[in-house]
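For the record, the sequence lines run as chains X and D.
Under the numbering used here, the first residue of the first sequence is numbered 1, with each subsequent residue one higher.
Under the numbering used here, the first residue of the second sequence is numbered 1, with each subsequent residue one higher.
FYI, nobody ran anything at the bench for these hints, they're computed from the structure.
No false leads were slipped in.
With a straight-line Cα cutoff of 25 angstroms, these simulated DSS-like cross-link-like pairs (lysine-lysine) come out:
{"#": "1", "chain 1": "X", "residue 1": "Lys355", "chain 2": "X", "residue 2": "Lys337"}
{"#": "2", "chain 1": "D", "residue 1": "Lys31", "chain 2": "D", "residue 2": "Lys55"}
{"#": "3", "chain 1": "X", "residue 1": "Lys184", "chain 2": "D", "residue 2": "Lys159"}
{"#": "4", "chain 1": "D", "residue 1": "Lys55", "chain 2": "X", "residue 2": "Lys337"}
{"#": "5", "chain 1": "D", "residue 1": "Lys35", "chain 2": "D", "residue 2": "Lys55"}
{"#": "6", "chain 1": "D", "residue 1": "Lys13", "chain 2": "X", "residue 2": "Lys337"}
{"#": "7", "chain 1": "D", "residue 1": "Lys13", "chain 2": "D", "residue 2": "Lys55"}
{"#": "8", "chain 1": "X", "residue 1": "Lys183", "chain 2": "D", "residue 2": "Lys159"}
{"#": "9", "chain 1": "X", "residue 1": "Lys355", "chain 2": "X", "residue 2": "Lys390"}
{"#": "10", "chain 1": "D", "residue 1": "Lys35", "chain 2": "X", "residue 2": "Lys72"}
Just so we're clear, the structure is a prediction, and the values are computed from it rather than from any experiment.
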Amino acid sequence: MRGQAEIAIRDLLRHHEPDKALPAPLTLFDKLWLSHVVTERDDGLALLWIDRHFVHEGSHHAFGQIAARGAKVARPDLTFGVADHYVPTRGRGLPIPDASVARMVDQLSANTAAHGITLFGLDDARQGIVHVTGTEQGLTLPGLTVVCGDSHTSTHGAFGAYAFGIGASEVAHVLATQTLWQKKPKRMRVGVDGMIGLGITAKDIMLTVIATIGADGAAGHAIEFAGSAIRGLSMEGRMTLCNMSIEAGGRCGMVAPDETTFAYLAGRPFAPAGDVWTAAIDDWRRLPTDADAAFDREVTLDGADIAPTVTWGISPEQALPITASVPDPAGMADAVKAAATRDALDYMALAPGQKLDTIAVDRVFIGSCTNSRIEDLRAAAGVLAGKRAKVPGLVSPGSSLVKQQAEQEGLARIFTEAGLEWVESGCSMCVGMNGDMVAPGERCASTTNRNFKGRQGPGARTHLMSPAMVAAAAVTGHLTDVRRFS
Amino acid sequence: MRPFVTETAAMLKLPVANVDTDQLIPARFMKEPRKPEGYGRFLLHDLIAEADMPKPEAGQTILVARRNFGCGSSREAAVYALADFGFRAVIAPSFGDIFASNCVKNGVVPATVSEADAEALLAAGNLPVTIDLEAQRIACGNVVVDFAIDPVWRTQLLKGWDDIDLTLAEADSIAAFLARDAAGRPWAAPRR
Numbered sequence: 001m002r003g004q005a006e007i008a009i010r011d012l013l014r015h016h017e018p019d020k021a022l023p024a025p026l027t028l029f030d031k032l033w034l035s036h037v038v039t040e041r042d043d044g045l046a047l048l049w050i051d052r053h054f055v056h057e058g059s060h061h062a063f064g065q066i067a068a069r070g071a072k073v074a075r076p077d078l079t080f081g082v083a084d085h086y087v088p089t090r091g092r093g094l095p096i097p098d099a100s101v102a103r104m105v106d107q108l109s110a111n112t113a114a115h116g117i118t119l120f121g122l123d124d125a126r127q128g129i130v131h132v133t134g135t136e137q138g139l140t141l142p143g144l145t146v147v148c149g150d151s152h153t154s155t156h157g158a159f160g161a162y163a164f165g166i167g168a169s170e171v172a173h174v175l176a177t178q179t180l181w182q183k184k185p186k187r188m189r190v191g192v193d194g195m196i197g198l199g200i201t202a203k204d205i206m207l208t209v210i211a212t213i214g215a216d217g218a219a220g221h222a223i224e225f226a227g228s229a230i231r232g233l234s235m236e237g238r239m240t241l242c243n244m245s246i247e248a249g250g251r252c253g254m255v256a257p258d259e260t261t262f263a264y265l266a267g268r269p270f271a272p273a274g275d276v277w278t279a280a281i282d283d284w285r286r287l288p289t290d291a292d293a294a295f296d297r298e299v300t301l302d303g304a305d306i307a308p309t310v311t312w313g314i315s316p317e318q319a320l321p322i323t324a325s326v327p328d329p330a331g332m333a334d335a336v337k338a339a340a341t342r343d344a345l346d347y348m349a350l351a352p353g354q355k356l357d358t359i360a361v362d363r364v365f366i367g368s369c370t371n372s373r374i375e376d377l378r379a380a381a382g383v384l385a386g387k388r389a390k391v392p393g394l395v396s397p398g399s400s401l402v403k404q405q406a407e408q409e410g411l412a413r414i415f416t417e418a419g420l421e422w423v424e425s426g427c428s429m430c431v432g433m434n435g436d437m438v439a440p441g442e443r444c445a446s447t448t449n450r451n452f453k454g455r456q457g458p459g460a461r462t463h464l465m466s467p468a469m470v471a472a473a474a475v476t477g478h479l480t481d482v483r484r485f486s
Numbered sequence: 001m002r003p004f005v006t007e008t009a010a011m012l013k014l015p016v017a018n019v020d021t022d023q024l025i026p027a028r029f030m031k032e033p034r035k036p037e038g039y040g041r042f043l044l045h046d047l048i049a050e051a052d053m054p055k056p057e058a059g060q061t062i063l064v065a066r067r068n069f070g071c072g073s074s075r076e077a078a079v080y081a082l083a084d085f086g087f088r089a090v091i092a093p094s095f096g097d098i099f100a101s102n103c104v105k106n107g108v109v110p111a112t113v114s115e116a117d118a119e120a121l122l123a124a125g126n127l128p129v130t131i132d133l134e135a136q137r138i139a140c141g142n143v144v145v146d147f148a149i150d151p152v153w154r155t156q157l158l159k160g161w162d163d164i165d166l167t168l169a170e171a172d173s174i175a176a177f178l179a180r181d182a183a184g185r186p187w188a189a190p191r192r
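Make the full structure from the sequences, and use the hints.
Spelled out as structure tokens, the structure:
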């Protein structure tokens, strides 16, 4: 491994670090970092070049900040707008009934138009959730820095990019300068080796990782997911994995690019083509972590131990295999953990010791930047085919193009025949900003990323799980081990 | 941004772990413009509606909570809600990374303490608290604890720097980077 590939990456990085001797060997993250440093201060703060910046309706604070300074958008050609957080999932093409939602959507159109930014707006066939549209359009590539004012920007790390969520002040900074001041995070390797079982998905892997290391377990770290179980994942699976890096506290998550990545990207609208594509592949092959590169922290899981996993509480770290029971705070030595468990059980209206697969649900949701891509919809439809859901539910595809494809493949019909509602694409019931909410006290089996108190609506009770597990819950009316269906 | 040196005030004690940004400001309020009323009125809106939960009071400018404070979404509105209410420092054993960074951009100090020290502060009497950023020390009656903060953030908060001004002074470095980068990564631009 230390041979030609390493020499080549040194050539690539030499363009950026002409005066410095490169430390050997390097991780994927080191390579991404080094190739974006514009300048570095003595205190270690580095100014990084940003290759892609996505904005959405929530970015209005940042546009306001640059307007207040009289600044222009430095690189509209590297900035892309997507309408997703507030968009209605029904009645597309009609005026938006909620005036404050309409204002948010209109404001994005006005801000992007004023600065010459390409917008995937409500009337665009490519509209969708920013982390689905951006990647399916080929805007995210290996070796890039990608930012957006949304914590789930970590999704784009699936391509071997350094992708992270930022706040409004940082969005304003990127708009004005196309750069960001950053401290270099520590490097963490999460290895998942071995064969994962039938019916086990990236979502189960990630919920298991979070339950293992805690919701702040990767704080201050850039995570690289590696190992044979990760290599075997599709791009959709890798995106699910990297998406929830933030739920483990990580600054970002990433998977080294490989043939799976290149095959996914080939021919995408904004991806390189022709000679540039050939040159790109050549460079991208040099990005993976060098064989004996060091990480600040390593965690290893055995893929064979991972079961279909669900959350039972109000933090993503409160997750267990579906075969387990609700924990009992009475048996906990740690008083703070016991208090948190009691609080969670109280909010979730669960009893200690209750078997997880007996928990009845009131509705299901399939969607969000975590699990709404075509592969996710196929997995859910695979369970639902020919069956009726016992509870109501919403299916919101990740993008309008995913929606179209799912309709062509007959998946939409499976959902509607099962009694679920098939709607347009957006953040929808994951965050409830557009009015798609779980009613107070209702329990929802959801493919989303956060089971926080009130996340899907005030008083809503969320159980996170994979799309196939949500489909299984829809069919039986309670949390269910999807392996019963296979 | 207003520089931060020391602050002495009443403290809000929130004995809760994983207080996420959805709890700091529920998503449904973010459609509201921040000005002129500010987001302080939405701070911890749903959480403090629960029985036995301490409520923020006027005059409190320092908050202490349990681990993983500010986890979740990147919404800077979570910090706007704190800052607009009047909070100038948050103390916890760990923070969501993006939240902590957003704090610094708004002049709010994210002070990291050990789990034991957070518990000591939560258990301290209702006395005024002093947080000294220069000395990285928190004092509340006879509870005196040190806190950690990234040195870069500490300097930024002490001086009240503006990032964009800092960056605009780097125009030459940016131009030099772009010249090198064009040769090194011809594939990096989106195809048009």
